[in-house]
Amino acid sequence: MRPMGRRPDVSIDLRGNPCPLNWVKAKLRLEEMRPGMLLEVIVDDGRPAENVPRSAELEGHKVLQATALGDRVSLLIERA
Amino acid sequence: MTAFSEDQTERYSRHIILPEVGGEGQRRLLAARVLIVGAGGLGSPVGLYLAAAGVGMIGVVDSDVVELSNLQRQVLHGTADVGRPKCLSAKEAMEGVNPDVHVFVHNLRLTSENALDLVRLYDVVVDGSDNFPTRYLVNDACVLAGRPLSHAGVLRFEGQVTTIVPGRGPCYRCLYPDAPPPGAVPSCQEAGILGATAGVVGSIQAVEVLKLILGIDGCLVGRLLVCDTRAMTFQQVPVARQPDCVVCGDEARITELIAYEEFCQMTPRRMASQEVAP
Chain A
1 MRPMGRRPDV SIDLRGNPCP LNWVKAKLRL EEMRPGMLLE VIVDDGRPAE
51 NVPRSAELEG HKVLQATALG DRVSLLIERA
Chain B
1 MTAFSEDQTE RYSRHIILPE VGGEGQRRLL AARVLIVGAG GLGSPVGLYL
51 AAAGVGMIGV VDSDVVELSN LQRQVLHGTA DVGRPKCLSA KEAMEGVNPD
101 VHVFVHNLRL TSENALDLVR LYDVVVDGSD NFPTRYLVND ACVLAGRPLS
151 HAGVLRFEGQ VTTIVPGRGP CYRCLYPDAP PPGAVPSCQE AGILGATAGV
201 VGSIQAVEVL KLILGIDGCL VGRLLVCDTR AMTFQQVPVA RQPDCVVCGD
251 EARITELIAY EEFCQMTPRR MASQEVAP
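Those protein sequence lines, which keep their order, are chains A and B. Start counting the first sequence at 1; every next residue gets the next number (the numbering used here). Start counting the second sequence at 1; every next residue gets the next number (the numbering used here).
The reader is advised that the hints may include incorrect statements.
[As the list claims (entries may be wrong)] Label pairs and their computed distance ranges (CB to CB): (1) A:R6 <-> B:R168: 43 to 51 Å; (2) B:R168 <-> A:R7: 45 to 53 Å; (3) A:R34 <-> B:R84: 50 to 58 Å.
[Claimed, not checked] Every beta carbon over 12 Å from chain B, so not counted as near; a handful from chain A, in silico: (4) P8; (5) D9; (6) L21.
No wet-lab data here; the hints were simulated from the structure. Predicted model, so just to flag it, every value in this text is computed and none were measured. A virtual CB, placed ideally from N, CA and C, is assigned to each residue, including glycine.
Build the full structure now, drawing on both the sequences and the hints.
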């Protein structure tokens, strides 16, 4: 379930991108978005699923949800 | 807004991760124009780091050819470049680091006739020259053109570096109103220079230039950083803008470039009785 039923404004699939390239690509997308918009990022489970949310929070974005989907994880990030 | 290619995203990833840079800052770097005066001991690290950082347009002013005695510190040039114009080997080295960078070759001596036109083509200027006439010339041209300038000098194990932003802080003349008497300050040729010391100081200049482009506070404006890499100490000396400075003061007398070789031949006492005329 998405929080309050909010749908992401943008969704990107970054599976196969090693750290920190996955976060770099997510960050570039976030820069193009307006504050408050939602970005869904699909990353590989494991290190990417740990690192990307941490990097997002370090820059002040909110990670609203992390959903495990087998070998991938969907992260819902609200742009600061 | 142009998107980064896959290669650019990877090349600049460590910049983009920085909150102070990001994609927006990296685009600013790619659009920036920097003029480096002197492709020597200071200009080498500056040029290599600015090229690596993706500063899109870099001008190099130098009229010398590479000599074997340069290679101990001038890391832009290699053994095979001995006898070639420094500008050319600088261009090849910098563009070899990063194909996003275009290096403009100015194989000439900076003079009162060409300095203003040249400086106006760029956003930021780096003084990596090795003589006082050129230092005063670059300073005055930057003040008159309103261009920020990174100034540095090195000798033996020592160096000093400051950042001049016209209108926001002191200029090189506020710090040194008069040139030292000819021969009073030895050159690197006479006194020697530890190659890596030039690398330290030039790298500081590169950081300052990147901060100027990115709009990051904390530049050496109104401060002279003095380093002694033998004792490995760094000290900073506050420098105030001088209201009576002849080029950036309230009633500046220098409103166009002057004869700098002659200016640097003058002692302070003679200066007082002689008008500084263009």
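Results of checking the hints against the structure:
no. : hint                        : verdict
1   : A:R6 <-> B:R168: 43 to 51 Å : holds (45 Å)
2   : B:R168 <-> A:R7: 45 to 53 Å : holds (47 Å)
3   : A:R34 <-> B:R84: 50 to 58 Å : holds (52 Å)
4   : P8                          : holds (20 Å)
5   : D9                          : holds (18 Å)
6   : L21                         : violated (6 Å)
Going through the hint list in order, the structure does not satisfy hint 6, though it satisfies all others.
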